[in-house]
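K.L.:
Each chain, written out:
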Amino acid sequence: MTNSNQTLSTAEKVNQSLQKRYRAEKRFRAYGISAIAFGLLCLVVLFTDIISKGHSAFLQTYIKLEITFDPVEMGLDDPTDARQLAMADFDSLIRNALKEQFPEASDRRDRRALYAVVSNGAAFKLREQLKADPELLNQTVPVWMLADDDIDTYVKNREDAQGETFAGRISEKQMGWVNTLIENDQVESRFNTTFFTSGDSREPEQAGILGALMGSLLTLLVTILLSFPIGVAAAVYLEEYAPQNKFTDFIEVNINNLAAVPSIIFGLLGLAIFIGFFEMQRSLPLVGGLVLTLMTLPTIIISSRAAIKAVPPSVRDAALGLGASKMQMVLHHVLPLAMPGMLTGAIIGFAQALGETAPLLMIGMVAFVVDVPGAITDPATALPVQIFLWSDSPERAFVERTSAAIMVLLAFLISMNTLAIWLRRRLERRW
Amino acid sequence: MQAVNTPIQENEKLNANTNEAERKPSGAEQMNDSAAKVGKTVGKPFAKHPKMTMRNVDVFYGDKQAIHDVSLDIGKNEVVAMIGPSGCGKSTFLRCLNRMNDTIEICKVSGEIKLEELDVYHPKQDVVPLRARVGIVFQKPNPFPKSIYDNVAYGPRIHGLVERKTDLDEIVENSLRRASLWEEVKDRLHAPGTGLSGGQQQRLCIARTIAVSPEVILMDEPCSALDPIATAKIEELITELSEKFTIAIVTHSMQQAARVSHRTAYFHMGKLVEVNDTKRVFTNPEHELTEAYITGRFG
Amino acid sequence: MDFSQIFMVMAATIAMTFFLGRFRALKLGQAAGGRKSLNSLPAYYGSLMAMWCGIPCFILLALWMAFDDVIISQAIMQELPQAVLALPDSERGLIFNMISNIAENGARAGAEPYMVTAAERLQSLRETSQLILIACLASLFLIIMVVIWARMSAQTRARVQVENGFKWLLLICASIAIFTTAGIVFSVLFESIRFFQSVPITEFLFGMEWSPQMAIRSDQVGGSGAFGAVPLFAGTLLISLIAMIIAVPAGLMAAIYLSEYARPAVRSTVKPLLEVLAGIPTVVYGFFAALTVAPFIRDTGGLIGLSVSSESALAAGLVMGIMIIPFVSSLSDDVINAVPQSLRDGAYGLGATRSETIKQVVIPAALPGIVGGILLAVSRAIGETMIVVMAAGLAANLTANPLDSVTTVTVQIVTLLVGDQEFNSPKTLSAFALGLMLFTITLVLNYIALLVVKKYREQYE
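Protein chains in written order, with our numbering: chain D, 1 to 431; chain G, 1001 to 1299; chain B, 2001 to 2461.
The set of hints was computed from the structure by calculation and includes no laboratory data. Incorrect hints may appear among the rest.
Lysine-lysine pairs mimicking DSS-like chemistry, simulated, CA-CA at most 25 Å apart [as the list claims (entries may be wrong)]: (1) G:Lys1140 to G:Lys1165; (2) G:Lys1244 to D:Lys326; (3) D:Lys326 to G:Lys1140; (4) B:Lys2036 to G:Lys1114; (5) G:Lys1165 to B:Lys2359; (6) G:Lys1076 to G:Lys1244; (7) D:Lys309 to G:Lys1146; (8) B:Lys2455 to D:Lys246; (9) G:Lys1124 to D:Lys326; (10) D:Lys13 to B:Lys2027; (11) B:Lys2167 to G:Lys1165; (12) G:Lys1124 to B:Lys2036; (13) D:Lys20 to B:Lys2359; (14) D:Lys326 to B:Lys2359; (15) G:Lys1114 to D:Lys326; (16) G:Lys1146 to D:Lys326; (17) B:Lys2455 to D:Lys309; (18) B:Lys2271 to D:Lys326.
To be clear about the criterion: a stretch of chain D counts as covered by chain B if any three or more of its residues have a C-beta under 8 Å from a C-beta of chain B, and this derived list gives those stretches [claimed, not checked]: (19) 318-327; (20) 358-371.
Glycine included, every Cβ here is placed at the ideal spot set by N, Cα and C.
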């Protein structure tokens, strides 16, 4: 009797607190969901922010002007003479074309504002055009020219969401001229090829990521060529050869610690050792690649070891039982079987290296480099560093270019990671 | 069978006075009751024409002694079965014969193991040529994840046994025929070896081992992962192979030992209890522990 | 011909010796009665040949590259006029740089006649050095090749030797981790010691003012700026703290939800999505912090009447926290999954709800692992560079107000070292001292964290 009474009262007690407990349960779940939601929200906001800022950089405003290749004005009489071509004054052609179309700009300040509508790189284009076709001399032809970055920004943002007029950094007069040009169908937005085909520039409309991209790829090339073989070799040693002793433990401790050392420290190492001690030049993809090699090695060693561990011991026994030597066992069986896993880990490591900025700053890959590097010993910058440099520039047009460069970088990283996942799904063997 | 039995009968004289003077007192004998009963090996551990001779072999894993003072011969073209309860050290002992235990760092072997005149554990002895002469087939079929052809061709390739592709083809075909696998796989030699059934895989592993033409083949419970039909095939194969090779087989199936072997060695707690002609072991064992085991009192 | 070309030619030649060795082995095999009579496969003889020819030649080349410049420049220096020799070291170095510039790019305006002579001498010495190097390499190579050719026999244990070489190669590769650590320690330690010679270590560690740029006012400490790192440490801690306040609850709760509540389908989509956050380069976070989050916080603060710096610690910390969420969540996920199911079953068996099981059983059991993960995350936050370089300030304010601008250790390292700088000024050296601090702190944190996690793992294995 007492017993059943007690059970009853326990059940009652449980039931009394049950609602409270379930509320707590719900709250707890809500915390979890909101934590995930917060993370995903951040991801969405980040991507939306970058894309909304950067998509416009893929378009570039061009202005059509009637250009007369006037030999007198240019100070050139033979367009096939490279020397004359180099000395010729193409700017005056553009100035004349603008003056002709907008005679109302008469005083010096207005004139200067008028001339600033077209990019100061347009003259190079005229030179190239004349060089390619000397027949153009003395002719008047319509030429599409790069607009200045401020004009570009204005044209792109002319009518923003609120229907208000956006002026940006251009004056009333410039706005008037541009509007006239737009009305005359002399303004066009085209795909921004410059962005993908040229190096850095002080002028946003002439700046491109090709130089930085090449710098990144060259740096990555050095990293891949060094860190993958060395990392795999180290992993093979630790998994297949290393005796259990203090020295092996010491190597392992070092690898684990290096994996968590801040990347900037590797930059200091590169600065002190490669540049300070070995007296290598600054800004070289070679040095950048060396630093990133040291940085990615721990990651690659750790993932390669995991891949080697996953190769079943029975395969090793089979090879050894047939009289294969250890090296044959490793090279013929263990490495081929571990390769997909090692590649997956390595690609993820390389993606990290591709996005790394801080150590490259240390070894001087922040220099302003206009030329597209062609070798690992040419001064270069890297894509993430270019993003860092541009994000510091005051011009509004650089903001969209920075975002666009980020989009390109993310595209590379996402494709590398997708490749890694694909490799893992496709090639990894289930034992 | 007659041809094999004769030398063994002659061995009896040899085995009658097992040299007691050579024996070392082993420290772990008082491990438990049954261990205390083991005493020295009874029966006839020695062969008249030995292919491999083992004398006073001790094996240690770190501080733990796994094999105590085992002396045994494996005669030419003889099939010796090693039986005993699990953990008795029979596999460990087998793997000493071609130094597969080298892969285990803490494993230390002392005593003498000889392949004819070759000292297996001589510090300067290279394991590669040794394993080419003493092949091994493992418990679980472990074909390489390569084609059937490459599996069999691998050994001859690494040992440089052939100079021409046609020679290699011949070796592969012969080995597969001897392993009675040829008819089943001749049309798909370049299909992956891992795609075969368990029994076929194990025969492939045997073909792979005999492709190197070893003198001795060690088999570590080769049928334990197979169904009865596949097992019967492998057992048949072992009998055929014994015409050409010397075979040492570890098995947990007493019937199997009885079917395929000429002599049987019974291991108990790391000690070799009894070695005798197979018939004798299973009909009239000399040692009480052997009797207890074969009558199923433990194991 | 420069070193890289010599290197290429040498590598190609050595690759050829592989075929030479193989050929020799085949001949030996024929003579001894077939390939089977060789000790090893012919390819091993080839590798053996290439190995023995290659290693000494590469060592010679490396030594030459390391020392020829030093020796040649010593020789040139001795021939310079007395007046130049009397100059202090740094100026002599400059003059030598000019000379080598002239040697490489031709005479420039402003070059003294003695410099031009020295440049010509330098040029000719360099050429001679290269010729000698090539001659040495060629003769070394030939001698070794002939000796090995002669000594090679069918009994040569080529495989064993090559395997040993292979093993050494692997060992060297594995030891690079040790060399890297040693390189880091030495590079930051030496420069730091030099720094502490001009600025006392106590002032660096406990000084309350950091202004390495100002070298004008002579009444300042050290006469060349103030090097008290406390404001930097405080700033670093403030930003890391903000980051952890964001990342730890969010990461931990996300991990708990994903491993204890979420259906497998949800888990397998949400987890990779969260990990995308970890794959985004820090420079992108920096850009996001500086151009989106910081203005947003400043404007929001303005609306409610707070004055927020446009480089507020809050913006940098917030974005850093977002970056660290997936890091915390994947580490916590690992440790939570390592808690044995039997513990959970025990709680469920008593009628505990899920959240009670998690709060009272899973979390306490996983706590050491989680703490270890958080320590690793803290060390990540302390060492993070780009976000703070782009979004935090340069001014070393000693404040606990998250709306103010603070600076961090990493920001200062970057600021002090980017661009050209003299190697010896305390300003440059102070960056290495900061690097030493950063390295030490992260090392200690990592070490403790790995130890804790390892202990925790062993407990359940």
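K.L.:
Now, for every hint given, state plainly whether the structure supports it.
P.N.:
Now the hints, each set against the structure:
1. Of the pairs offered as hints, the one joining Lys1140 (chain G) and Lys1165 (chain G) is violated, with about 30 Å between alpha carbons and a cut-off of 25 Å exceeded.
2. Taken as a hint, the Lys1244 (chain G) and Lys326 (chain D) pair is broken in the structure, with Cα atoms around 29 Å apart against an allowance of 25 Å.
3. Simply put, Lys326 (chain D) and Lys1140 (chain G) have alpha-carbon atoms about 21 Å apart, close enough for the 25 Å limit, and the pair holds.
4. A distance of roughly 24 Å separates the Cα atoms of Lys2036 (chain B) and Lys1114 (chain G); the hinted pair therefore holds under the 25 Å criterion.
5. Note on Lys1165 (chain G) and Lys2359 (chain B): the hinted pairing is violated, with a Cα-Cα distance of about 68 Å set against a maximum of 25 Å.
6. Of the supplied pair hints, the one linking Lys1076 (chain G) and Lys1244 (chain G) holds, its CA atoms being roughly 9 Å apart against a limit of 25 Å.
7. The hinted pair formed by Lys309 (chain D) and Lys1146 (chain G) meets the criterion: a straight-line CA distance of about 20 Å does not exceed 25 Å.
8. Our distance criterion of 25 Å between C-alpha atoms is met by Lys2455 (chain B) and Lys246 (chain D), whose separation comes to about 19 Å.
9. A hinted pair counts as satisfied when its Cα atoms are at most 25 Å apart, and Lys1124 (chain G) with Lys326 (chain D) qualifies at roughly 16 Å.
10. Among the hinted pairs, Lys13 (chain D) with Lys2027 (chain B) is inconsistent with the structure: their alpha-carbon atoms are about 95 Å apart, more than 25 Å.
11. Proximity of Lys2167 (chain B) to Lys1165 (chain G) is assessed by CA-CA distance (about 31 Å); at most 25 Å being required, the pair is judged violated.
12. Simply put, Lys1124 (chain G) and Lys2036 (chain B) have alpha-carbon atoms about 21 Å apart, close enough for the 25 Å limit, and the pair holds.
13. Between Lys20 (chain D) and Lys2359 (chain B) the alpha-carbon distance is near 16 Å, which keeps this suggested pair within the 25 Å criterion.
14. As the CA atoms of Lys326 (chain D) and Lys2359 (chain B) are separated by approximately 50 Å, the hinted pair breaks the 25 Å bound.
15. For the hint linking Lys1114 (chain G) to Lys326 (chain D), the alpha-carbon distance of about 23 Å falls within 25 Å, and the restraint holds.
16. Our distance criterion of 25 Å between C-alpha atoms is met by Lys1146 (chain G) and Lys326 (chain D), whose separation comes to about 19 Å.
17. The straight-line distance between the Cα atoms of Lys2455 (chain B) and Lys309 (chain D) is roughly 22 Å, inside the 25 Å bound, and the hint therefore holds.
18. Between Lys2271 (chain B) and Lys326 (chain D) the CA atoms are separated by roughly 40 Å; this puts the pair beyond 25 Å, and the hint is violated.
19. With a threshold of 8 Å between beta carbons, the proposed coverage of the region 318-327 of chain D by chain B holds, since 3 of its residues qualify and at least three are required.
20. Check result for the region 358-371 of chain D against chain B: holds, 5 residues qualifying (beta carbon to beta carbon below 8 Å, three or more required).
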